[in-house]
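Heads up: the protein sequence lines correspond to chains R and W, in order.
For the first sequence, this note's numbering gives the first residue as 1, with consecutive numbering after it.
For the second sequence, this note's numbering gives the first residue as 1001, with consecutive numbering after it.
Simulated from the structure, these hints should not be mistaken for laboratory data.
No experiment lies behind these values; they were computed from the predicted model shown.
Do not take every clue at face value.
[Stated by the list, open to error] Here are the simulated DSSO-like pairs of lysine-lysine, each with C-alpha atoms no more than 27 Å apart in a straight line: (1) R:Lys70 - W:Lys1098; (2) W:Lys1051 - W:Lys1070; (3) R:Lys53 - R:Lys70; (4) R:Lys57 - R:Lys70; (5) W:Lys1070 - W:Lys1098; (6) W:Lys1098 - R:Lys57; (7) R:Lys53 - W:Lys1051; (8) W:Lys1070 - R:Lys53; (9) R:Lys57 - R:Lys11; (10) R:Lys70 - R:Lys11; (11) W:Lys1051 - W:Lys1098.
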Amino acid sequence: DAGITQSPRHKVTETGTPVTLRCHQTENHRYMYWYRQDPGHGLRLIHYSYGVKDTDKGEVSDGYSVSRSKTEDFLLTLESATSSQTSVYFCAIRTSGSTDTQYFGPGTRLTVL
Amino acid sequence: GQQLNQSPQSMFIQEGEDVSMNCTSSSIFNTWLWYKQDPGEGPVLLIALYKAGELTSNGRLTAQFGITRKDSFLNISASIPSDVGIYFCAGQLSGAQKLVFGQGTRLTINP
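Using the sequences and the hints, build the whole thing.
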């Protein structure tokens, strides 16, 4: 599982409330990613990080912000949750070198009412 | 954003049959990855391919990195019930920090 945990695993919240999802890794990987997965859309990249305090936008970044103050933690924040952000959120880490690949966390199911 | 064309979108097969699925792209990739996702869980890496023409096996699974670097296929031999799930391909462009994903192939097995 590449030492990736996500918290919470499930969350139900109301429209307009702030929500923060946490991704934690234990293996010191430089790159971390946040995806959302919705029926009919597959996996879509929200934001990613290439180091502490270094982040960049993905293809569906509107309404989301991220922070990475430590190598091991990558936080995804919905400043004011909307129903369109109901989804399953996956964090991933990227291994580098000759075996460049991504490993995914177990996911967070978020429901915005 | 850019996407891979993964086919078929779904498959309904009998237990014991062989399965084949593929992904194609208009772009050249340096890396092809194949994942499997079970309900309620994150995608799990099955096979990673790093060289054009590379053929790699993982148990009953075999995947190949196309010679043109624009396609890849995954074969599953002698399917069993635990093979049920959604299979995703993903590709990485040279120098890119992001993966491009296929839409997935949903595999259903009739016992």
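Here is how each hint holds up against the structure:
1. R:Lys70 - W:Lys1098: 21 Å, holds
2. W:Lys1051 - W:Lys1070: 12 Å, holds
3. R:Lys53 - R:Lys70: 8 Å, holds
4. R:Lys57 - R:Lys70: Given pair lysine 57 of chain R, lysine 70 of chain R holds - Cα atoms ~19 Å apart, limit 27 Å.
5. W:Lys1070 - W:Lys1098: 17 Å, holds
6. W:Lys1098 - R:Lys57: Given that 27 Å is the threshold and the Cα spacing comes to 11 Å, the pair holds.
7. R:Lys53 - W:Lys1051: Violated, because 33 Å separates the two Cα atoms, which is more than 27 Å.
8. W:Lys1070 - R:Lys53: Given that 27 Å is the threshold and the Cα spacing comes to 34 Å, the pair is violated.
9. R:Lys57 - R:Lys11: Given that 27 Å is the threshold and the Cα spacing comes to 24 Å, the pair holds.
10. R:Lys70 - R:Lys11: 24 Å, holds
11. W:Lys1051 - W:Lys1098: 18 Å, holds
Checked against the numbered hints listed earlier, the structure breaks hints 7, 8; every other hint is satisfied.
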